[in-house]
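Trainee: Just so you know, the sequences run in chain order A and B. For the first sequence, this note's numbering begins at 1374 and goes up steadily by one. For the second sequence, this note's numbering begins at 23 and goes up steadily by one.
These aren't lab readings, by the way, just hints derived from the structure by calculation. Be careful, since some hints might not be right.
[To be verified] The following label-pair restraints were derived from C-beta to C-beta distances:
| hint | chain 1 | residue 1 | chain 2 | residue 2 | range |
| --- | --- | --- | --- | --- | --- |
| 1 | A | Ala1450 | B | Ala27 | 39 to 47 Å |
| 2 | A | Pro1407 | B | Trp50 | 44 to 52 Å |
| 3 | A | Ala1532 | B | Leu317 | 41 to 49 Å |
| 4 | A | Cys1394 | B | Leu225 | 49 to 57 Å |
| 5 | B | Arg68 | A | Gly1429 | 25 to 33 Å |
| 6 | A | Ala1484 | B | Leu64 | 25 to 33 Å |
[Said to hold, decoys possible] One side of the interface only, derived from the structure: several residues of chain A facing chain B at Cβ under 10 Å:
| hint | residue |
| --- | --- |
| 7 | Ile1387 |
| 8 | Ala1418 |
| 9 | Tyr1592 |
[Unchecked claim] Stretches of chain B that chain A covers, calculated by requiring three or more beta carbons in the stretch to come under 8 Å of a beta carbon on chain A:
| hint | stretch |
| --- | --- |
| 10 | 76-87 |
| 11 | 90-100 |
| 12 | 194-204 |
| 13 | 303-316 |
We treat Cβ as the ideally placed atom computed from N, Cα and C, and that holds for glycine.
Single-letter residue listing:
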Amino acid sequence: MVAAVLVLPALALIGGLAAACFVKAFGVVFLGEPRTARAAQAHEAGLAMRTAMAIGAGLCLLVGLWPAGVLALVAPAASELLGAAAPRSLAAAGPPSAVTTMAALLIVVSAALALVRAFLLRGRSVGKAPTWGCGYAHPTARMQYSATSFADPVLAPFAAALHIRSQGELPAGIFPAPVRYERHVGDMAGERLLVPACRRFLDAAGRLRAIQHGRMQLYLVYILGTLVALVVWQLSGRIGR
Amino acid sequence: MVNTALHLVLLLALPPLLLGIINRTKAWFAGRRGPPLLQPYLDIWRLLHKGAVMSRTTTWIFRIGPVVTLATALCAGLVTPLATASAPLGFAGDVILFAYLLGLGRFFTMAAALDTGSAFEGMGASREAAFSALAEPALFLALAIVCIPAGSASFASAWAALPFGTWGPDHPALPAAAVTLFGVLLAENSRIPVDDPNTHLELTMVHEVMVLDHSGPDFAFILYGSAVKLLLFASLLVHILLPIPAGLGWANLGLFVAGLGTVAVAVGVVESITARIRLPRVPQFLIGASVIAALGLAVLLYRGTP
């Protein structure tokens, strides 16, 4: 019961955060004005590189459009690992045919609406203008939302749990002088969990280093001590029986 | 067959009417006469007959944004029951498809906003991403409350399993689901107290600011798509609050439309009597909605289904 009440919202939240993450990654990298001089010179990669990515993207599309076929490929391996219950639980994800139908329908409806749009705009004036900037006529690429600014409201509710470091100062006054401001969101699993755990382990291991000092005689004493301890342990076992 | 045709007619024809009802309600509260009830239809019609102006920065992502958003809303409408207890294309698991179709539409709206390279639209997209991520748990918890007694994640079985006397003491979880869904409805359809559809200041907008650069037919698609989304959320709420027994024939239709009108009036009343909450407070509003639904779900699971 507790699991249902906690796991369900967590999974739903992960779905929402995943959408936010991919809008950010895709939007900041590929959309809008080029953010740096080097990005402005970006050009399409060669055919071989594009083909490799197209194969991966095509397979993703296949999984989405035809999950039944992909699940049928995965089910034997899953039942090998999990026993006979696995294929049923995989199939419980929904009748895949319905998912395929809806995906196909979505594509058809989108295409139809795109045709309607093209038909409506045919012969009408489609003007080109700069992006609306609230009346400001000279927007530059630096005014765009950056990845950090996009992520800020998404991260705000979780700020207590995250390791957010910022340094520098904010612009102040009517004619602000140039300022420098940096902000980094740390890797929570790494910085809060793995690194401290590893450090503690290394500290404990470091204390043991005292017994490793390079004197051959003492190493021989360790071996002797170990052997004696083992003999005593074995003998005590025998006698006990 | 008749049901399918009726479903399509309701899905395609009804959405702007809800906006009209909300606007009339707000006008009545403000002591104005307000725009005609059918004004949203006229707005969409007018926009469909206009040309367009596009930003030079934009690419094809900007142009397919409104198309995909409207298509996802319409497809979600085909799995959401309207006047009857089942939808033409409903299946086991359609509840999840419903949520993520709307999520896909939102993804394209946000991508189209970032495509313009505008600081305002980036701001709107980032707010939308933050708020919708927090609205998702609330939506799923509320849907879980109606789906768990039915034992299936499909609207048809969930609505069939709803008791006629919803508000009886035997079903304390359903009011929690309804309250949460109403909160999600307000947030997802950019209504007060989360967002103000009438604001004219870019800095305070959430949804409106993402679509600033769309014009003509594109903007008509956006308006219509958001009206369809409002209709879908309102119809979920109507089915929970007013479980319509099957086989009433045309009376079903009347009850359903009256229920939709009531939800629209309720949205208008909320918009008239509450102020918008500050943007940093919106996560609290959404998390609060999730907590209400989580409590309802806990009660439901603790008591077991009667």
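Trainee: Go ahead and decide if the range 41 to 49 Å is satisfied by the Cβ distance of Ala1532 (chain A) to Leu317 (chain B).
Mentor: 25 Å, violated
Trainee: For the stretch 194-204 of chain B, does the count of residues with a C-beta closer than 8 Å to a C-beta of chain A reach 3?
Mentor: violated (count 0)
Trainee: Can the stretch 303-316 of chain B be counted as covered by chain A under the rule of three residues or more with Cβ-Cβ separation shorter than 8 Å?
Mentor: Three-residue rule met by the stretch 303-316 of chain B, so holds; n is 4.
Trainee: Given a cut of 10 Å on the nearest C-beta pair, is the interface hint for Ile1387 (chain A) held or broken against chain B?
Mentor: Because about 9 Å separates Ile1387 (chain A) from the closest Cβ in chain B, which is inside the 10 Å limit, the hint holds.
Trainee: Does the nearest C-beta of chain B fall within a distance shorter than 10 Å of the C-beta of Ala1418 (chain A)?
Mentor: This hint is violated: Ala1418 (chain A) lies away from chain B, its Cβ roughly 17 Å from the closest one there, beyond 10 Å.
Trainee: Do three or more residues from the stretch 76-87 of chain B put their C-beta atoms closer than 8 Å to C-beta atoms of chain A?
Mentor: Per the Cβ count (9), the hint holds.
Trainee: Count residues of the stretch 90-100 of chain B with a Cβ under 8 Å from any Cβ of chain A, then say if the count reaches three.
Mentor: holds (count 7)
Trainee: Could one say that the CB atoms of Ala1484 (chain A) and Leu64 (chain B) fall in the range 25 to 33 Å?
Mentor: 28 Å, holds
Trainee: For the hint 44 to 52 Å, verify it against the beta carbon of Pro1407 (chain A) and that of Trp50 (chain B).
Mentor: Holds - the Cβ-Cβ distance for Pro1407 (chain A) and Trp50 (chain B), about 50 Å, lies within 44 to 52 Å.
Trainee: A closest beta-carbon separation below 10 Å is what the hint needs, so does Tyr1592 (chain A) meet it against chain B?
Mentor: With a minimum Cβ separation of about 59 Å from chain B (threshold 10 Å), the hint on Tyr1592 (chain A) is violated.
Trainee: Given a hint of 39 to 47 Å, does the C-beta separation of Ala1450 (chain A) and Ala27 (chain B) actually sit inside it?
Mentor: 45 Å, holds
Trainee: Quick one: are Arg68 (chain B) and Gly1429 (chain A) within 25 to 33 Å, going by C-beta?
Mentor: 44 Å, violated
This entry does not satisfy hints 3, 4, 5, 8, 9 and 12, going by the numbered hints stated previously.
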